[in-house]
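2 protein chains.
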Amino acid sequence: MSAAEETAGGEPQPWGEVNPEAARRLLMAAVEAFAERGYHATTTRDIAGRAGMSPAALYIHYKTKEELLHRISRIGHEKALDVLRTAADSEGSPADRLAEAVRSFVRWHAGQHTVARVVQYELDALGPEARAEIVTLRRQNEAAVRGIIEDGVGTGDFDVPDIKGTTVAVLSLCIDVARWFNVGGSRTPDEVGALYADLVLRMVGAKK
Amino acid sequence: MSAAEETAGGEPQPWGEVNPEAARRLLMAAVEAFAERGYHATTTRDIAGRAGMSPAALYIHYKTKEELLHRISRIGHEKALDVLRTAADSEGSPADRLAEAVRSFVRWHAGQHTVARVVQYELDALGPEARAEIVTLRRQNEAAVRGIIEDGVGTGDFDVPDIKGTTVAVLSLCIDVARWFNVGGSRTPDEVGALYADLVLRMVGAKK
Numbered sequence: 001m002s003a004a005e006e007t008a009g010g011e012p013q014p015w016g017e018v019n020p021e022a023a024r025r026l027l028m029a030a031v032e033a034f035a036e037r038g039y040h041a042t043t044t045r046d047i048a049g050r051a052g053m054s055p056a057a058l059y060i061h062y063k064t065k066e067e068l069l070h071r072i073s074r075i076g077h078e079k080a081l082d083v084l085r086t087a088a089d090s091e092g093s094p095a096d097r098l099a100e101a102v103r104s105f106v107r108w109h110a111g112q113h114t115v116a117r118v119v120q121y122e123l124d125a126l127g128p129e130a131r132a133e134i135v136t137l138r139r140q141n142e143a144a145v146r147g148i149i150e151d152g153v154g155t156g157d158f159d160v161p162d163i164k165g166t167t168v169a170v171l172s173l174c175i176d177v178a179r180w181f182n183v184g185g186s187r188t189p190d191e192v193g194a195l196y197a198d199l200v201l202r203m204v205g206a207k208k
Numbered sequence: 001m002s003a004a005e006e007t008a009g010g011e012p013q014p015w016g017e018v019n020p021e022a023a024r025r026l027l028m029a030a031v032e033a034f035a036e037r038g039y040h041a042t043t044t045r046d047i048a049g050r051a052g053m054s055p056a057a058l059y060i061h062y063k064t065k066e067e068l069l070h071r072i073s074r075i076g077h078e079k080a081l082d083v084l085r086t087a088a089d090s091e092g093s094p095a096d097r098l099a100e101a102v103r104s105f106v107r108w109h110a111g112q113h114t115v116a117r118v119v120q121y122e123l124d125a126l127g128p129e130a131r132a133e134i135v136t137l138r139r140q141n142e143a144a145v146r147g148i149i150e151d152g153v154g155t156g157d158f159d160v161p162d163i164k165g166t167t168v169a170v171l172s173l174c175i176d177v178a179r180w181f182n183v184g185g186s187r188t189p190d191e192v193g194a195l196y197a198d199l200v201l202r203m204v205g206a207k208k
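Protein chains in written order, with the UniProt record's numbering: chain A, 1 to 208; chain B, 1 to 208.
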């Protein structure tokens, strides 16, 4: 298993698809730098230095600092969408699928909290085109969860007076795990996921 | 009503207590700059410039950039604690008090989302002493909400298997409103507060 595939909190790192290895190393260095100092305080020189490369070597792979953030944000959102869609499309009752969506979305935000923070807090630093692309991915994330909730309301398994607002709240609860989750803390990503699945089933009034 | 007391989302600005007026103006300029560019990318010169003052004038009021962040973070946390304690100490059933705590905490995070983002996302930039003080305030915030939930479990009004974890989730849900709340969006702070109070009463299994 290469450095890029090492696990954090039991989740595989999301950068396996980024090639060549130098491009991957730069992306991981950018995540660290943005998380520590913020996007605007980070230079491409800082990122190259963290990756043990020269600024000239960075420009072979990424034309601008924004391109790095855009790539990180796209991969982060695509992996999150993948996790949610897998749960949404799985077998089982709406309650089973919603619980699985919450468990895996929480595991992602706990295990990848550094990536998730960059992706969530630096959205405003993207230019209009990149931002529009990410906003589309976010709408798809929302649609995946909303679809499960609508199914549950349709079958009478859930009681949800405000489907849109409840969908936003469910995603928000899971995303904020990235802010407070502490690797040295008392709960594992799986434990937080199990608690949150239970809380979300209560939020949608799931029949027991 | 002075500029410092203007309302945003129906909530009074929290800087009324900061005097003289120049110190208050600098604090508000620092909030804007930190929110836009991040703490590390902001200089005291930027902050002075936004406040229409010279760097020398800034140093009369604040010795360092960290002192500004510390002051913002302390005031932000104290106001949030005030909001939670008022609800916790009010008359009414545990459900009434928990609903009121959620409504007012959400209103704060929606109405003051710029301040709240700085306070929540730049915590790591504080030095050890300032950080310890803020961590104490955060524990007090948590204790206020946990107290209401414990009361409800004690009276049999709530059904909560994991009080500590549920307390963290309730606060987290409300805090994350600061990330996604959009002044031009379709819901007012009061509307989000009402929805969230209902969702939180479901999370604690409140009897109807």
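Incorrect hints may appear among the rest.
Just so you have them, the derived chain B footprint on chain A, three or more residues with Cβ under 8 Å [stated by the list, open to error]:
#1 39-50
#2 163-176
The calculated lysine-lysine pairs, modelled on BS3-like cross-linking and capped at a C-alpha distance of 25 Å, are [said to hold, decoys possible]:
#3 164(B) to 208(B)
#4 164(A) to 207(A)
#5 164(B) to 208(A)
#6 207(B) to 208(A)
#7 164(B) to 207(B)
#8 65(B) to 207(A)
#9 164(B) to 164(A)
#10 208(A) to 164(A)
#11 208(A) to 65(B)
What the hints contain is simulated information worked out from the structure, not anything from laboratory work.
All figures in this text were calculated on a predicted structure; none of them were measured in a lab.
Every residue gets a Cβ at the ideal spot worked out from N, C-alpha and C, and that includes glycine.
Taking the hints in turn, this is what the structure says about them:
no.: 1; hint: 39-50; in the structure: holds (count 3)
no.: 2; hint: 163-176; in the structure: holds (count 8)
no.: 3; hint: 164(B) to 208(B); in the structure: holds (23 Å)
no.: 4; hint: 164(A) to 207(A); in the structure: holds (20 Å)
no.: 5; hint: 164(B) to 208(A); in the structure: holds (23 Å)
no.: 6; hint: 207(B) to 208(A); in the structure: holds (16 Å)
no.: 7; hint: 164(B) to 207(B); in the structure: holds (20 Å)
no.: 8; hint: 65(B) to 207(A); in the structure: violated (53 Å)
no.: 9; hint: 164(B) to 164(A); in the structure: violated (28 Å)
no.: 10; hint: 208(A) to 164(A); in the structure: holds (23 Å)
no.: 11; hint: 208(A) to 65(B); in the structure: violated (53 Å)
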